[in-house]
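Student: Next come the chains, spelled out residue by residue.
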Amino acid sequence: MAYKIMEKEELSSDVKLLKVKAPLVAKKALAGQFIILRIDESGERIPLTMAQTDKEQGLVTIIFQEVGKTTNQLGALEIGDEILDFVGPLGKPTHVEHLGTVICVGGGIGVAPIYPIASAFHKKGSNLISIIGARTKKLLILEKEMKEISDQLYVTTDDGSYGFHGFVTEMLQKLIDDGLTIDMVMAIGPVPMMQAVCKLTKSYNLKTMVSLNPIMIDGTGMCGGCRVSVGGKTQFACVDGPEFDGHLVDFVELRKRQGTFRNQENKSTKKYDQECRLKSKL
Amino acid sequence: MVRQEMPTQPAAERVKNFNEVALGYTSEQAVTEAKRCLQCKKPRCMKGCPVEIDIPGFIAKIAKEDFLGAIKHIKQKNSLPAICGRVCPQETQCEQLCVLGKKSEPIAIGRLERFVADYEVQQGNIEIPKITSRLNKKVAVVGSGPSGLTVASDLAKLGYNVTVFEALHKSGGVLSYGIPEFRLPKSIVDREVEYIQKLGVEIRKNFVVGRLMTVDELLDDSYKAIYLANGAGLPKFLNIPGENLIGVYSANEFLTRVNLMKAYLFPDHDTPVKIGKRVAVFGGGNVAMDSARVAKRLGAEEVYIVYRRSKEEMPARKEESEHAEEEGIIFKFLTNPVEIIGDEEGKVAALKSIAMELGEPDESGRRRPIPIKDSEFVIEMDTVVVAIGQGANPLVGSTTKNLKISDRGYIIADEEEGQTSRKEIFAGGDIVTGAATVISAMGAGRKAAIGIDKYLKNRS
Numbered sequence: 035m036a037y038k039i040m041e042k043e044e045l046s047s048d049v050k051l052l053k054v055k056a057p058l059v060a061k062k063a064l065a066g067q068f069i070i071l072r073i074d075e076s077g078e079r080i081p082l083t084m085a086q087t088d089k090e091q092g093l094v095t096i097i098f099q100e101v102g103k104t105t106n107q108l109g110a111l112e113i114g115d116e117i118l119d120f121v122g123p124l125g126k127p128t129h130v131e132h133l134g135t136v137i138c139v140g141g142g143i144g145v146a147p148i149y150p151i152a153s154a155f156h157k158k159g160s161n162l163i164s165i166i167g168a169r170t171k172k173l174l175i176l177e178k179e180m181k182e183i184s185d186q187l188y189v190t191t192d193d194g195s196y197g198f199h200g201f202v203t204e205m206l207q208k209l210i211d212d213g214l215t216i217d218m219v220m221a222i223g224p225v226p227m228m229q230a231v232c233k234l235t236k237s238y239n240l241k242t243m244v245s246l247n248p249i250m251i252d253g254t255g256m257c258g259g260c261r262v263s264v265g266g267k268t269q270f271a272c273v274d275g276p277e278f279d280g281h282l283v284d285f286v287e288l289r290k291r292q293g294t295f296r297n298q299e300n301k302s303t304k305k306y307d308q309e310c311r312l313k314s315k316l
Numbered sequence: 011m012v013r014q015e016m017p018t019q020p021a022a023e024r025v026k027n028f029n030e031v032a033l034g035y036t037s038e039q040a041v042t043e044a045k046r047c048l049q050c051k052k053p054r055c056m057k058g059c060p061v062e063i064d065i066p067g068f069i070a071k072i073a074k075e076d077f078l079g080a081i082k083h084i085k086q087k088n089s090l091p092a093i094c095g096r097v098c099p100q101e102t103q104c105e106q107l108c109v110l111g112k113k114s115e116p117i118a119i120g121r122l123e124r125f126v127a128d129y130e131v132q133q134g135n136i137e138i139p140k141i142t143s144r145l146n147k148k149v150a151v152v153g154s155g156p157s158g159l160t161v162a163s164d165l166a167k168l169g170y171n172v173t174v175f176e177a178l179h180k181s182g183g184v185l186s187y188g189i190p191e192f193r194l195p196k197s198i199v200d201r202e203v204e205y206i207q208k209l210g211v212e213i214r215k216n217f218v219v220g221r222l223m224t225v226d227e228l229l230d231d232s233y234k235a236i237y238l239a240n241g242a243g244l245p246k247f248l249n250i251p252g253e254n255l256i257g258v259y260s261a262n263e264f265l266t267r268v269n270l271m272k273a274y275l276f277p278d279h280d281t282p283v284k285i286g287k288r289v290a291v292f293g294g295g296n297v298a299m300d301s302a303r304v305a306k307r308l309g310a311e312e313v314y315i316v317y318r319r320s321k322e323e324m325p326a327r328k329e330e331s332e333h334a335e336e337e338g339i340i341f342k343f344l345t346n347p348v349e350i351i352g353d354e355e356g357k358v359a360a361l362k363s364i365a366m367e368l369g370e371p372d373e374s375g376r377r378r379p380i381p382i383k384d385s386e387f388v389i390e391m392d393t394v395v396v397a398i399g400q401g402a403n404p405l406v407g408s409t410t411k412n413l414k415i416s417d418r419g420y421i422i423a424d425e426e427e428g429q430t431s432r433k434e435i436f437a438g439g440d441i442v443t444g445a446a447t448v449i450s451a452m453g454a455g456r457k458a459a460i461g462i463d464k465y466l467k468n469r470s
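In order, the protein sequences belong to chains A and B.
So the mapping is simple: this note's numbering equals the position in the first sequence, first residue as 1, plus 34.
So the mapping is simple: this note's numbering equals the position in the second sequence, first residue as 1, plus 10.
Rather than coming from a laboratory, the hints here were simulated on the basis of the structure.
Incorrect hints may appear among the rest.
[Unchecked claim] Listed below are the simulated DMTMM-like cross-link pairs for lysine to aspartate or glutamate, each with C-alpha atoms no more than 20 angstroms apart in a straight line:
(1) Lys-89(A) x Asp-231(B)
(2) Lys-272(B) x Glu-299(A)
(3) Lys-62(A) x Asp-231(B)
(4) Lys-126(A) x Glu-227(B)
(5) Lys-62(A) x Asp-230(B)
(6) Lys-196(B) x Glu-75(A)
(7) Lys-196(B) x Asp-74(A)
(8) Lys-126(A) x Asp-226(B)
(9) Lys-305(A) x Asp-278(B)
Let's have the full structure, built from the sequences with the hints guiding it.
Tutor: Printed below as a string of structure tokens:
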């Protein structure tokens with residue numbers, strides 16, 4: 035049984051959205067969980083967060099940035115194409131409860147996984163303030179969707195091409211300075227961004243959860259590749275997470291471990307690019 | 011007459027490829043070996059076989075050159091003979107009890123089993139037994155490793171509709187992700203799985219029980235009984251400084267990358283693995299031997315097995331440690347790692363260990379290793395593989411209501427028939443016993459099939 039692509043959208047130049055037919059996964063998935071997919075027989079297994087699920091249509095929405103061989107290959111697939119393996123839902127779902135004020139911070143591609151979580155807090159009746167940011171306007175995703183569910187939405191760009199000129203942390207700092215009572219912060223994005231958010235909120239003792247995306251193979255607790263240090267203890271992101279208390283995460287180690295296979299990844303991407311160019315010439 | 015030696019690929023050659031090391035008997039060798047069997051009236055060998063194969067029976071058929079008859083005979087008790095013939099520890103089971111072993115060498119039961127299983131495939135016509143009765147009852151099996159496959163095939167032969175749920179994209183469990191190609195070619199696993207599917211067993215891959223559906227949901231759905239064989243899984247670490255450095259793998263991760271994901275074919279296959287020049291493997295079991303030999307084949311110049319006890323206590327099969335030695339693996343016995351030292355980029359740079367000596371026997375009956383004061387030493391290292399065993403995977407146990415679990419997370423099941431604290435749930439293999447052998451997991455599957463059949467027949 036393969037998993038068919040039913041819809042495809044280009045959110046920005048290198049960010050794609052796919053809706054994949056996976057009825058059982060769609061039925062079961064909760065906010066905060068992820069899937070692992072493998073495109074074809076020689077493919078690698080990569081974890082991706084689910085941005086949305088449609089239980090009636092049996093669709094799972096994945097949003098990803100084309101950064102390496104597998105994500106580029108995935109982005110090249112079209113409606114009607116099939117993904118060989120698609121397994122989930124994996125990881126523990128977000129603990130969603132009614133809270134006074136929740137701030138959801140999404141950076142870059144991290145806006146995709148923050149969306150269902152923000153949505154869940156909104157449904158519980160929490161006051162939801164969202165901050166979403168990108169390097170530049172072109173790379174900003176899901177602004178409309180986030181606006182619909184947030185009580186207040188702030189948009190930032192690093193280069194000032196849209197919204198607030200600066201980092202998401204600067205916007206968060208402003209909200210804190212304004213004297214807002216904040217019950218929890220949820221931050222998802224590149225590791226340096228989550229690290230910066232946690233550094234800031236720690237100084238105000240604001241509970242902050244982050245969702246981690248380390249290297250992973252099976253996603254069921256078997257390989258241990260996704261281990262992260264949390265509060266000095268080794269945890270497996272796939273079964274103990276992916277969400278952890280951001281104030282306890284060793285981000286420096288996480289960042290190093292994410293780079294374990296950088297040389298191989300570059301080699302693989304280069305080979306793929308060459309093959310694509312060769313194919314387009316034929 | 012002497013025991014027939016198994017032809018193998020020469021060590022110097024085989025460390026450069028992932029092809030099978032042992033090459034198997036020729037027909038002549040198989041017949042010669044089979045004729046050594048004394049055909050004991052009360053065969054002791056059978057007592058050593060967890061799945062109770064009629065050993066003298068199949069060997070007699072080989073001696074008469076009835077190879078297809080021999081395999082048919084084995085398959086009455088064992089649906090995975092090509093696998094068992096390769097990876098069973100015969101020297102501590104059937105062959106250990108062989109009468110011939112008292113004065114000379116025991117009969118090579120495993121090699122003969124392998125021979126007839128391979129012979130059948132080469133002949134091309136694998137016989138599928140006719141299933142006479144259809145019971146119209148559904149049984150679910152969690153995990154398609156050796157235990158799950160055994161219970162599934164036994165129940166299918168009894169007429170049950172069996173569905174096996176597998177979390178990975180490939181069937182076989184440890185046979186696929188753990189045991190390397192050079193010891194158990196994946197084509198053999200595929201073909202044994204195919205045989206079980208031909209018996210009518212449905213295998214649903216990419217299905218994580220405990221996440222996609224819980225055990226209780228499966229039982230509510232339409233399954234009348236369920237067998238849990240989801241394996242041990244959760245890799246153990248030593249909890250020494252440096253275990254999260256770049257270049258430290260659990261044996262599970264290392265072997266999964268290479269065996270399941272075929273990282274040795276990178277970049278034609280997308281999954282990478284990186285090892286460098288010097289590799290240290292912690293542990294002295296079969297998984298440690300497999301990891302070391304894989305590292306050698308990936309091009310490591312120096313591969314160390316770091317084991318805290320001495321050679322005598324090593325739990326690996328003798329054949330495996332001998333093969334490893336032939337391939338140039340360096341054994342550091344009575345050595346315990348104390349720290350993995352990293353460089354400024356967070357990569358493994360060196361391994362600090364301490365020398366050990368053996369003291370009084372501990373609870374395992376083996377002499378307890380004790381560190382020798384001020385004996386620390388450092389060896390430069392690029393990669394570390396931790397192969398010191400696995401704990402229980404919590405995914406299934408923790409999501410099933412009222413299922414009794416031990417303090418260490420293993421599922422508590424009756425030793426005879428595998429029944430758990432819930433009468434409709436049975437369990438066996440590593441998730442009950444902790445990491446053990448392929449054949450003991452199969453033995454548990456065999457017994458549980460009897461237990462499940464009995465339970466379902468009493469109920470109706």
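Student: Each hint should be assessed against the structure and marked as holding or not.
Tutor: Results for each hint:
With a CA separation close to 19 angstroms, the supplied pair Lys-89(A) and Asp-231(B) stays within the 20 angstroms bound. For a cut-off of 20 angstroms, the pair hint linking Lys-272(B) to Glu-299(A) stands: about 15 angstroms separates their Cα positions. For the given pair, Lys-62(A) sits about 15 angstroms from Asp-231(B) by alpha-carbon distance, which is consistent with the 20 angstroms threshold. Proposed proximity of Lys-126(A) and Glu-227(B) is supported: the alpha carbons are some 18 angstroms apart, at most 20 angstroms.
Our distance criterion of 20 angstroms between C-alpha atoms is met by Lys-62(A) and Asp-230(B), whose separation comes to about 16 angstroms. Proposed proximity of Lys-196(B) and Glu-75(A) is supported: the alpha carbons are some 14 angstroms apart, at most 20 angstroms. For the suggested pair Lys-196(B) and Asp-74(A), the alpha carbons sit about 18 angstroms apart, so the restraint of at most 20 angstroms is met. With a CA separation close to 18 angstroms, the supplied pair Lys-126(A) and Asp-226(B) stays within the 20 angstroms bound.
For the suggested pair Lys-305(A) and Asp-278(B), the alpha carbons sit about 9 angstroms apart, so the restraint of at most 20 angstroms is met.
Hint violations for this structure: none, all hints satisfied.
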